[in-house]
Amino acid sequence: MSNPYQSHDPRMNRVSLQVGSEAKHQEGSLMQWQTYEVFQQQKRGDQHVHVGSLHAPNPDMALILAKEQFGRREQCANLWVVKSQDVHATSYDDADMFQHAFDKSYREGDGYKVKDTIETFKRQLDDLLGSRDKAPGEVAVAVPVTSQGGWKVYELPATDKGERKILVKK
Amino acid sequence: MQHLKDLLYRLADDKLIIGHRNSEWIGMGPILEEDIAFASMAQDEVGHSQAYYLLLNDLGEDIPDKIAFTRSAQDFRCCHLVEYPIRDYAYSLVRHYLFDMADAIRLKHLKKSSYKPLAELALKLSREERYHQLHAQTFMQQLGNSTEEANLKMQGALNEAYPVSFSIFEPTRHTETLAVEGIQPTEDDLMKEWRAEVESFIRSCNLLIPDTTDFVDHFGGRSGYHTDYLPPLLAEMTEVFAIDPEATW
Numbered sequence: 001m002s003n004p005y006q007s008h009d010p011r012m013n014r015v016s017l018q019v020g021s022e023a024k025h026q027e028g029s030l031m032q033w034q035t036y037e038v039f040q041q042q043k044r045g046d047q048h049v050h051v052g053s054l055h056a057p058n059p060d061m062a063l064i065l066a067k068e069q070f071g072r073r074e075q076c077a078n079l080w081v082v083k084s085q086d087v088h089a090t091s092y093d094d095a096d097m098f099q100h101a102f103d104k105s106y107r108e109g110d111g112y113k114v115k116d117t118i119e120t121f122k123r124q125l126d127d128l129l130g131s132r133d134k135a136p137g138e139v140a141v142a143v144p145v146t147s148q149g150g151w152k153v154y155e156l157p158a159t160d161k162g163e164r165k166i167l168v169k170k
Numbered sequence: 001m002q003h004l005k006d007l008l009y010r011l012a013d014d015k016l017i018i019g020h021r022n023s024e025w026i027g028m029g030p031i032l033e034e035d036i037a038f039a040s041m042a043q044d045e046v047g048h049s050q051a052y053y054l055l056l057n058d059l060g061e062d063i064p065d066k067i068a069f070t071r072s073a074q075d076f077r078c079c080h081l082v083e084y085p086i087r088d089y090a091y092s093l094v095r096h097y098l099f100d101m102a103d104a105i106r107l108k109h110l111k112k113s114s115y116k117p118l119a120e121l122a123l124k125l126s127r128e129e130r131y132h133q134l135h136a137q138t139f140m141q142q143l144g145n146s147t148e149e150a151n152l153k154m155q156g157a158l159n160e161a162y163p164v165s166f167s168i169f170e171p172t173r174h175t176e177t178l179a180v181e182g183i184q185p186t187e188d189d190l191m192k193e194w195r196a197e198v199e200s201f202i203r204s205c206n207l208l209i210p211d212t213t214d215f216v217d218h219f220g221g222r223s224g225y226h227t228d229y230l231p232p233l234l235a236e237m238t239e240v241f242a243i244d245p246e247a248t249w
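Going line by line, the protein sequences match chains A and B. With my numbering applied, the first sequence covers 1 to 170. With my numbering applied, the second sequence covers 1 to 249.
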């Protein structure tokens with residue numbers, strides 16, 4: 001059998017590691033760092049979302065390394081790291097427990113009737129605003145006119161920031 | 001104008017050469033995560049050099065690619081510290097720490113520079129440099145306070161790099177003018193501030209300040225006298241560009 005400490009990496013092979021108690025100690029505490037789960041927050045106030053994991057010897061190092069692994073490709077306001085071993089999970093063997101025996105879609109978040117109202121609202125806004133040519137920076141306020149079941153649109157001058165904003169007032 | 005160009009060439013060339021040097025670790029870093037982090041910072045440094053070259057371009061110098069890839073070693077104004085080979089990871093980390101702390105202190109002053117384009121750029125660069133400092137300080141503290149082997153390697157690297165790092169602050173004949181015009185403090189003042197900061201931090205890392213009483217200066221880089229390590233680096237860095245200098249990318 002080949003030496004268990006032999007790496008396939010040619011650069012690592014230059015190091016002649018001792019097989020013995022000392023080598024084992026190194027293997028345990030230093031050679032293999034633990035993993036940390038990384039959670040990224042895109043903007044202040046947003047939820048932290050799990051984005052992956054990495055190797056690090058302690059939380060300080062995990063944060064430093066996480067910044068370049070996960071904070072560099074997209075917007076990031078904050079990072080959390082948590083030792084992978086501190087995450088407790090359900091077993092996939094028990095995945096059945098998440099299935100409903102009968103239709104319980106009324107329990108699901110998108111099952112509420114308000115969803116239809118929101119969709120209608122969005123569609124009406126699109127009809128009113130979406131098809132028209134708007135100059136960049138144009139600001140419009142859409143106010144519902146409930147008695148007629150429609151929306152009245154008020155246009156405002158462009159902001160000095162040049163942002164395109166649609167304010168919706170109830 | 002000459003004094004401003006002198007400063008910008010020093011800043012830009014330091015960044016280009018340290019960036020290229022540190023990029024030599026790509027694929028060779030101690031662990032994957034650190035390989036990515038170190039390579040990313042090296043890329044930042046090359047990007048910073050380009051930003052400084054663009055300021056030079058605004059002052060009538062050639063375009064950044066030409067400045068970076070067509071000059072000979074004696075036209076470079078980088079300090080000796082950035083030219084030395086990467087050696088082992090301890091050396092590369094210690095150099096990264098010493099260089100980026102000097103950068104941080106300089107940028108702090110450049111943000112208040114009387115030359116507005118430089119002040120604006122310094123503000124932008126200092127955001128990215130914040131991570132470089134955190135990375136460098138974390139590694140210094142972690143390894144300095146780690147095992148005896150790690151501590152000894154870091155101390156050895158510090159003994160080598162510390163005296164050479166004074167070369168960052170090599171004065172030039174424009175140093176005084178730059179200070180008088182409020183563009184940046186004198187190199188002496190910057191070095192004093194830097195030494196106070198790094199020496200107290202080095203002690204907190206369980207490392208000793210190397211003895212520099214018999215210090216042989218590593219000056220010359222700012223006037224075009226370089227170590228023998230620079231020409232081979234330039235040859236490698238410009239290899240692709242030199243195949244067809246007129247090619248458009």
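Check each hint, because a few of them may be wrong.
With a cut-off of at most 30 Å between alpha-carbon atoms, the simulated DSS-like pairs for lysine-lysine come out as follows [stated by the list, open to error]:
no., chain 1, residue 1, chain 2, residue 2
1, B, K124, A, K67
2, B, K124, B, K108
3, A, K67, B, K153
4, A, K43, B, K111
5, B, K153, A, K43
6, A, K43, B, K108
7, B, K153, A, K83
8, A, K43, A, K122
9, A, K67, B, K112
10, B, K5, A, K67
Don't read these hints as lab results, they were simulated from the structure.
Practice task
Quickly compare the C-alpha distance for K124 (chain B) and K108 (chain B) to 30 Å and report which way the hint goes.
Solution key: OK: K124 (chain B) and K108 (chain B) at ~11 Å, within 30 Å.
Practice task
Assess, step by step, whether the Cα of K5 (chain B) is no farther than 30 Å from the Cα of K67 (chain A), and give holds or violated.
Solution key: Since the Cα atoms of K5 (chain B) and K67 (chain A) sit roughly 35 Å apart, the hinted pair is violated (cutoff 30 Å).
Handout entry: 30 Å Cα cutoff - pair K43 (chain A), K122 (chain A)
Key = Roughly 25 Å separates the two Cα atoms, so the pair holds.
Practice task
Measure nothing beyond the straight line between the CA atoms of K153 (chain B) and K83 (chain A); if it is 30 Å or shorter, mark the hint as holding.
Solution key: holds (29 Å)
Exercise for the section: Assess, step by step, whether the Cα of K67 (chain A) is no farther than 30 Å from the Cα of K112 (chain B), and give holds or violated. Expected result: holds (28 Å)
Handout entry: Distance restraint between K153 (chain B) and K43 (chain A), which requires alpha-carbon spacing of 30 Å or less
Key = Violated, at about 40 Å.
Exercise for the section: Please work out if K67 (chain A) and K153 (chain B) have their alpha carbons no farther apart than 30 Å. Expected result: OK: K67 (chain A) and K153 (chain B) at ~26 Å, within 30 Å.
Exercise for the section: Take the C-alpha atoms of K43 (chain A) and K111 (chain B), compute the straight-line distance between them, and say whether it is at most 30 Å. Expected result: The hint holds at about 27 Å.
Problem - Holds or violated: K124 (chain B) to K67 (chain A), with C-alpha atoms at most 30 Å apart - result: holds (18 Å)
Problem - Distance restraint between K43 (chain A) and K108 (chain B), which requires alpha-carbon spacing of 30 Å or less - result: It holds: about 27 Å lies between the C-alpha atoms, which stays within 30 Å.
Checked against the numbered hints given earlier, the structure breaks hints 5, 10 and satisfies all the rest.
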